Amino acid sequence: MGPGSLLLRKFCDENKIEYEFGKKFKVASKNQKLIAFDNLYLKRKKKNGVDGLQLVDESKINELEPYVKGVKGLWSPNTGIVDYVKLTEAYAKIFESKDGQI
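Note that the numbering used here has the sequence shown beginning at -9, numbered continuously upward.
Think of the hints as simulated: they come from the structure by calculation, not from any bench.
In this text the structure is predicted, and so the values were computed from the model without any measurement.
Worth double-checking, as some hints may not be accurate.
Stated by the list, open to error - What follows is a set of in silico ranges between Cβ atoms, one per label pair, in the way DEER data are often shown:
#, residue 1, residue 2, range
1, Glu10, Leu54, 16 to 22 Å
2, Asp47, Glu4, 38 to 44 Å
3, Gly(-8), Lys76, 37 to 43 Å
To be verified - Below, simulated DSBU-like cross-link-like pairs (lysine-lysine); rule was C-alpha separation at most 30 Å, straight line:
#, residue 1, residue 2
4, Lys0, Lys16
5, Lys0, Lys35
6, Lys76, Lys16
7, Lys20, Lys33
8, Lys0, Lys20
C-beta: ideal position from N, C-alpha, C; glycine also.
Please construct the entire structure, taking both the sequences and the accompanying hints into account.
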């Protein structure tokens, strides 16, 4: 898990905001989508520093998720889900406590 994920988890814990961490799979089912997948991988992995993100082929898809069919996939073993309304409200509360105006 990357440093941003750890900081977000800590902030959520301190502010009693629920979150879940798990795994996520995005799959290209047609060859036309392969270029978009390559670009998405490069953007997420390199620009955003997504930890553990893998670009996988059809055989690896079958190994990880036998009931999923596709020609290429993005496998993220470190995906988080958070209530962004509550997260934003917590950020706003902190900002306003420091005399910020929204």
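We went through each hint and held it up to the structure:
no. : hint                        : result
1   : Glu10 / Leu54: 16 to 22 Å   : holds, 19 Å
2   : Asp47 / Glu4: 38 to 44 Å    : holds, 41 Å
3   : Gly(-8) / Lys76: 37 to 43 Å : violated, 22 Å
4   : Lys0 / Lys16                : holds, 27 Å
5   : Lys0 / Lys35                : holds, 23 Å
6   : Lys76 / Lys16               : holds, 26 Å
7   : Lys20 / Lys33               : holds, 21 Å
8   : Lys0 / Lys20                : violated, 39 Å
Of the numbered hints listed earlier, those contradicted by the structure are 3, 8.
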